[in-house]
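So the protein sequences, as listed, match chains A and B.
Residues in the first sequence are numbered from 1 upward in steps of one, following UniProt numbering.
Residues in the second sequence are numbered from 1 upward in steps of one, following UniProt numbering.
Since the hints were made in silico from the structure, they are not lab data.
For every residue, glycine included, the Cβ atom is placed at its ideal position computed from N, Cα and C.
Don't take each hint at face value.
[To be verified] Short derived list, chain A residues pointing at chain B, Cβ under 7 Å: (1) Ala15; (2) Leu30; (3) Thr32; (4) Phe42; (5) Leu74; (6) Ala85; (7) Ala91.
[Claimed, not checked] Far from chain B by the CB rule (all over 12 Å, computed), these chain A residues: (8) Ser7; (9) Gly47; (10) Asn52; (11) Val78; (12) Ile79; (13) Val86; (14) Val87.
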Amino acid sequence: MEILLSSAIGVLTAAGLYLVMRLRTFPVILGTSLLSYAVNVFLFATGRIAINQPPILTDTAQGYADPLPQALVLTAIVISFGMTAVVVIIALGAYLSGNDDHIDDQPGLFHGPVDGEEDGAEMGSDLAHQVPQQEAGR
Amino acid sequence: MNHWIVLPVVLPAMLAAGIVLGLRHHIVLQRVFSLAGLVALLALASGLFWTASDGTITLYQLGDWQAPFGIVLVADRLSTLMVLLTAVMAIPVLLYAIGSGWDYRGRHFHALFQFQIMGIMGAFLTGDAFNLFVFFEILLIASYGLMIHAGGTERLRSGVQYMLYNLLGSTLFLFALGTIYAETGTLNMADLALRVSEAVPDQSAGLRVAAVLLLMVFAIKAAVLPLHFWLPSSYANAPAPVAALFAIMTKVGAYGIIRFYTLVFPPGLEITQGLFDTWLMPAALLTLALGMIGVLGAFNLNRLVAFAVIGSMGMLLASVAVFTPAGITAALYYAIHSTLATAALFLLVDVVQSRRGSHGSSLLQTAPPMAGGALVAGLFFAAAIAMTGLPPLSGFLGKLLVLDAATGSPLVWWVWAVVLGSSLVAVVGFSRAGSVIFWKSHASPLAGGAEAPEDTQGAAEPHAPPAPQPALPMVAIGSLLALLVAVTVLAGPINRVLAATTAQLFDPAPYVSVVLETPGKKITYKGEAGAEKAGAAPADDTGAKSGAKSEAKSDTTSEAATKPGGTH
Numbered sequence: 001m002e003i004l005l006s007s008a009i010g011v012l013t014a015a016g017l018y019l020v021m022r023l024r025t026f027p028v029i030l031g032t033s034l035l036s037y038a039v040n041v042f043l044f045a046t047g048r049i050a051i052n053q054p055p056i057l058t059d060t061a062q063g064y065a066d067p068l069p070q071a072l073v074l075t076a077i078v079i080s081f082g083m084t085a086v087v088v089i090i091a092l093g094a095y096l097s098g099n100d101d102h103i104d105d106q107p108g109l110f111h112g113p114v115d116g117e118e119d120g121a122e123m124g125s126d127l128a129h130q131v132p133q134q135e136a137g138r
Numbered sequence: 001m002n003h004w005i006v007l008p009v010v011l012p013a014m015l016a017a018g019i020v021l022g023l024r025h026h027i028v029l030q031r032v033f034s035l036a037g038l039v040a041l042l043a044l045a046s047g048l049f050w051t052a053s054d055g056t057i058t059l060y061q062l063g064d065w066q067a068p069f070g071i072v073l074v075a076d077r078l079s080t081l082m083v084l085l086t087a088v089m090a091i092p093v094l095l096y097a098i099g100s101g102w103d104y105r106g107r108h109f110h111a112l113f114q115f116q117i118m119g120i121m122g123a124f125l126t127g128d129a130f131n132l133f134v135f136f137e138i139l140l141i142a143s144y145g146l147m148i149h150a151g152g153t154e155r156l157r158s159g160v161q162y163m164l165y166n167l168l169g170s171t172l173f174l175f176a177l178g179t180i181y182a183e184t185g186t187l188n189m190a191d192l193a194l195r196v197s198e199a200v201p202d203q204s205a206g207l208r209v210a211a212v213l214l215l216m217v218f219a220i221k222a223a224v225l226p227l228h229f230w231l232p233s234s235y236a237n238a239p240a241p242v243a244a245l246f247a248i249m250t251k252v253g254a255y256g257i258i259r260f261y262t263l264v265f266p267p268g269l270e271i272t273q274g275l276f277d278t279w280l281m282p283a284a285l286l287t288l289a290l291g292m293i294g295v296l297g298a299f300n301l302n303r304l305v306a307f308a309v310i311g312s313m314g315m316l317l318a319s320v321a322v323f324t325p326a327g328i329t330a331a332l333y334y335a336i337h338s339t340l341a342t343a344a345l346f347l348l349v350d351v352v353q354s355r356r357g358s359h360g361s362s363l364l365q366t367a368p369p370m371a372g373g374a375l376v377a378g379l380f381f382a383a384a385i386a387m388t389g390l391p392p393l394s395g396f397l398g399k400l401l402v403l404d405a406a407t408g409s410p411l412v413w414w415v416w417a418v419v420l421g422s423s424l425v426a427v428v429g430f431s432r433a434g435s436v437i438f439w440k441s442h443a444s445p446l447a448g449g450a451e452a453p454e455d456t457q458g459a460a461e462p463h464a465p466p467a468p469q470p471a472l473p474m475v476a477i478g479s480l481l482a483l484l485v486a487v488t489v490l491a492g493p494i495n496r497v498l499a500a501t502t503a504q505l506f507d508p509a510p511y512v513s514v515v516l517e518t519p520g521k522k523i524t525y526k527g528e529a530g531a532e533k534a535g536a537a538p539a540d541d542t543g544a545k546s547g548a549k550s551e552a553k554s555d556t557t558s559e560a561a562t563k564p565g566g567t568h
C-alpha cells in the first residue's frame with residue numbers, strides 16, 4: 001500500500017512536471033492538473049494510511065482514520081478544480097484572441113521599436129472599441 | 001469576543017457579493033459602494049491598529065472553537081500594520097480606477113477588487129496555515145479576474161502565464177502544508193510553533209523540507225530571483241490600478257516569510273539553520289541587482305516599473321534575510337515605502353501611456369509633448385526619487401535603515417555593494433526614462449524617419465480635443481505621493497512603532513499563549529473535554545479512544561465530535 005501510494009504520487013508529480021515544462025497551454029494545464037492530483041493524494045497520505053477505519057469517534061472503533069486531511073483534500077480539490085476551470089477559460093480566450101497558444105513570451109517581447117509601436121497601437125485601439133461597447137451595454 | 005477582527009474579511013466579501021448580485025448594471029452605485037466600503041475598511045483597520053498598538057494581541061475564534069481545533073484570526077501589531085497599509089493604499093488606487101474610467105472597461109471590476117481586498121486582509125489576519133492557503137487562493141483568483149480586466153491579447157497572454165505560475169505555486173504550498181501536517185499533526189501557527197520547538201531529531205529532515213518548501217512558496221509570491229519570472233509581464237500588462245493594487249501582493253509573500261520564520265521557525269532553530277544567510281540573502285541580493293538592471297534595460301515604461309518592483313522586493317528581502325530585529329524593522333519600513341511608491345508609479349505610467357497616444361509607454365520613441373506634461377513630469381520625478389532611494393523621500397531612509405541593519409551580517413560588504421551599486425543603476429534607468437518621455441518630447445516629430453507620417457498625425461489628433469483631463473487620477477496619484485511624504489516626515493514615530501512590532505515578533509511566547517489559552521468551545525466526546533483531536537497526531541488516535549469511554553454525556557452525539565459539523 002505504501003509503495004503503491006508513494007509511487008503514484010511520484011509518477012503523477014513527474015508526469016505533471018514534464019507537462020508543465022511544455023510550451024503550449026494545453027499540456028501545461030494538463031500538467032498542473034496532474035500536479036494537483038498528486039498533491040491531493042499526498043495530502044491524504046499525510047494523515048497516515050488507515051484502511052477501513054472510521055474518521056469519527058465511536059465506542060466500537062479499533063482505530064481511526066485522520067479526518068483532518070480529508071477535509072483539507074476536499075478544500076484543495078474544490079480550489080484546484082475552480083482554478084483549473086478559470087485557467088482553461090482564460091487560456092481559451094488568449095488563444096482565440098491571439099490565435100496562438102504558446103505559453104512563453106512571444107518573440108520580440110523585449111520590444112524592438114516595431115513591436116513597441118504595435119503594442120501601443122493595439123492597446124489604444126483596444127480601449128477605443130471596448131469603451132463604447134460597454135457604454136452601449138449599459 | 002471581539003468581532004471587529006473578522007470584519008476586514010467579511011465586509012469586502014459581502015460587498016463584493018452584493019455588487020455582483022444587485023448592482024451589476026449600475027456603475028455609479030458600484031463606485032459609491034466600493035469606495036464607501038474601502039473607507040469603512042480604513043476606519044476598521046485604523047481601529048484594529050489602534051487596539052494592537054499597545055502590544056495587545058487579539059484573537060478571534062471562528063465558530064468559537066478553541067484554537068488548535070478551530071480556525072483563528074489573530075490581530076497583532078504586524079497583522080494590523082499590514083491591514084492598515086492595504087486599506088490606506090487601496091483607496092487612492094480605487095479613486096484612480098474610478099477617475100480614469102478603468103473600472104468600466106470590463107465587467108465586475110469593483111466586485112473583483114473587493115474580493116481581492118478580502119483575500120489580502122484574510123491572509124494578513126489568519127493564524128492558521130491552511131487558512132492562509134485558502135486566503136491566498138481567494139486573492140489569487142480575484143487577481144486573475146482583475147489581471148485580464150478589459151481584455152486584449154497581450155493581457156490575456158500574460159494573464160495565462162501569471163495564472164499557471166501561481167497554480168504551480170499553490171501546488172507547492174499544498175505540498176509544504178502536507179509535509180508540515182505529516183510531521184507535526186497541526187496547522188495552527190501557534191501550535192506549530194510549540195510543536196516545532198519540541199521536535200525530536202528524527203523529525204528534523206521532514207521539518208526542514210517543509211521549511212524550505214514554504215520559503216519557496218513565499219519567495220514565488222515575493223518574486224525572488226529564480227522564481228520571479230511571472231512578475232514583469234503580468235505587472236506590465238495588467239491594468240494600471242490593478243498593477244498598483246498588486247504592489248501589496250508581493251508584500252504578502254514578504255509578510256509570510258516574516259510571520260512564519262519568526263513564529264514557527266524562529267531564528268535560533270537548529271532545523272532551519274542556514275536558510276537565510278546561505279540561501280535567501282544571496283537570492284535577495286541577486287533579485288535586487290536583476291531588478292535594477294531590468295530598470296536600466298527596459299524598453300517600456302511599464303516593464304521598467306515592474307522591474308523596479310522586483311528590485312525593491314530584493315531590497316526588502318535582503319533586509320529580512322539579515323534576520324535581526326533591526327533588519328526586520330528596516331524591511332517593514334521599506335515595505336510601507338515601496339508599496340506606496342510602486343502604486344504611485346504604476347498609476348503614473350498609465351497616465352503617461354494614455355496621454356502619449358499611439359506611442360504608449362515605449363521608451364524608444366519620442367512623442368510630442370503631452371497635455372499637462374509638467375504636472376505628470378513633476379509627479380514622476382517625485383515617485384522616481386522615492387523608488388530609487390534618493391535623499392528627500394522615504395526610499396532614502398528605507399535604504400539607510402537596510403544598510404545600517406546589514407552591518408551585523410557576515411555578508412555586509414556584499415549587501416552594501418549591491419544596494420549602493422544597484423541604486424546607481426536604478427537612478428540612471430529612471431532618469432533615462434524620464435528624459436525620453438518628458439524632455440525629449442519636444443524633439444521634432446519628423447526625426448522618427450519611417451514613423452513620421454504617423455507621428456504628425458498623432459501630434460495633430462491628441463491636441464485637437466485636449467480631452468477633459470479628469471482631475472481625480474492626479475488627485476489619487478498625488479495622495480499616494482503625499483502619503484510617501486508623510487512616511488518620510490513621520491519616519492521617527494513610524495520607526496518606533498515598527499521597532500515595537502519587531503520586538504513583538506521576536507518574542508512569540510505571548511502570541512502562542514493568547515492563541516492557545518483563550519478558552520472556546522472544545523471537542524467533547526462523552527465528557528472527555530479537551531480530548532486530543534482525533535487526528536491531531538496519528539499516533540494518539542487510540543489514546544483518544546480509551547479516554548473517550550471515561551464518562552457518559554448523553555447529549556453529545558458522536559457527530560458533534562467531528563470538527564466542522566458541531567451542532568451547538
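Legend entry - Violations among the numbered hints: 1, 2, 5, 6, 9, 11, 12, 13, 14
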